[in-house]
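*Asks:* Residues per chain, in single letters:
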Amino acid sequence: MAVEQELKIELGKQGVFVTTIEELYNWGRRNSVWPMQFGLACCAIEMIATTMARYDLARFGAEVFRPSPRQADLMIISGTVTKKMAPQVVRLYNQMAEPKYVIAMGACAISGGPFKQGYNVLKGIDRYIPVDVHIPGCPPRPEALLQAFITLQKKIDEQSLTGENRPRHLDAEAQGEFPVPEQGEHDLVPPSNPGVWPVQIK
Amino acid sequence: MEEHGVALKTVEEIKAAIEAAVPGARVTMVPNASPSGQHSLLLEPAHALAVAKFLRDDAELALDFLSNVTGVDWLDKEITEKVKVTKQVPKEVDGPDGKQVQMVDETVEEQRKHVEPGYLEAVYHFFSMKKKSAAAEPVVLRMRTKNRTDQVELPSFTPIWRSADFQEREIFDLYGIVFTGHPDLRRLLMWEGFKDHPMRKDYVEPDDFEYEPTAHDKVLQRATEHKSRE
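Taken in sequence, the protein lines are chains A and B. All residue numbers for the first sequence refer to the working numbering, where the first residue is 62 and numbers rise by one. All residue numbers for the second sequence refer to the working numbering, where the first residue is 21 and numbers rise by one.
No wet-lab data here; the hints were simulated from the structure. Hints are not guaranteed to be accurate.
Derived DSS-like pairs (lysine-lysine); straight-line CA-CA distance at most 25 Å [said to hold, decoys possible]:
#, chain 1, residue 1, chain 2, residue 2
1, B, K238, A, K177
2, B, K215, A, K177
3, B, K221, A, K177
4, B, K221, B, K166
5, B, K102, B, K152
6, B, K166, A, K177
Since the model is a prediction, treat every value here as computed from it, not as a measurement.
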């Protein structure tokens, strides 16, 4: 049950702190998102710039880039996903522990970008894994990545722990593993995961 | 004293030097009509390795730096020619005893078509570090396969210039030229198990088209084809 905002402020003035488990839980989750340390192309340079002193992603609690998917909560797809690389990206995503989130960074990661008409670039990573935030740009500026990260934090904050929209890790039925595409004779097999693509617009 | 940075031997001189040094080697000059006039030399695969060794080790040429290797796909060319043909045609001629049929020569213009078979080509660019020829033009060598389908072998230059290694692998991957004598001929960019050669002109791309807001030209054509299949 949510606490009324005014009552909360009033109680706060009296030195009483009131919250809900949900609020506390999401507050903790959103302020220590550990991204996975991997980059795919030039967008990775912007991602690195975002983590350094000038833009300082640490202000939002995401400075701990983990070199292992087992310890990461957030996958930033920073750059072109080639068809040769796509199975590895999906496999890394599968290896991440729940709760896990994905930011598709840049034109290539969201749609194939300038390589969209080519034969060897995946036309958006959202063909195989669910993406939480898409950022356009070629490459997006660090501010754009910060914006995406804040958007993701808001998304985490708004997740209720029960009911239909509860996060995947609290839903025993939900599946967290996504089929890894095979590298076939002419193309990836299957060309997309019908469970996540096309993206449903709510 | 040795001069630096000057143009070294001309293409004709290199051709003559190769033919003098490697017995039996036939080198054809492929002229380039563009303003750059960058003529190249076409080698026969049979003598290519001996020629390559000579070019690298010769004191005057010393082509010790292989800067670039690339491929070209030449499709079958249909050539239409107009040929004058003389044929014997029956004709009625006034003879001594009335009209007679006689065979008469007649020249007719005929259109003839023949197909020039296509081939795959590997192009190598060389410089000499020893001679400091980097400012000069590269020496360009070409080799051609017998056809585009089953006889696609060319000798590898990797044993002579290590820098050919990855570039020949890339050509093997994208054009399908098989370099014999290459120490590690695997696909470089596409995955193992991939069957096509994407840089060939008759390559058919996978149909993974999706919505384009401003489709035009080839993209529009692809979009229409994709829609018709749905």
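*Asks:* Confirm or reject each hint.
*Replies:* Hint by hint, here is what the structure shows:
Proposed proximity of K238 (chain B) and K177 (chain A) is supported: the alpha carbons are some 13 Å apart, at most 25 Å. Under the criterion of a C-alpha separation no larger than 25 Å, the hint pairing K215 (chain B) with K177 (chain A) is consistent with the structure, at around 21 Å. Using a Cα cut-off of 25 Å, the hinted pair K221 (chain B) and K177 (chain A) holds, with the two alpha carbons roughly 19 Å apart. A hinted pair counts as satisfied when its Cα atoms are at most 25 Å apart, and K221 (chain B) with K166 (chain B) qualifies at roughly 17 Å.
Only pairs whose Cα atoms come within 25 Å are accepted, and K102 (chain B) paired with K152 (chain B) is rejected, the gap being roughly 50 Å. At most 25 Å may separate the alpha-carbon atoms for a hinted pair to count; K166 (chain B) and K177 (chain A) exceed this at roughly 35 Å.
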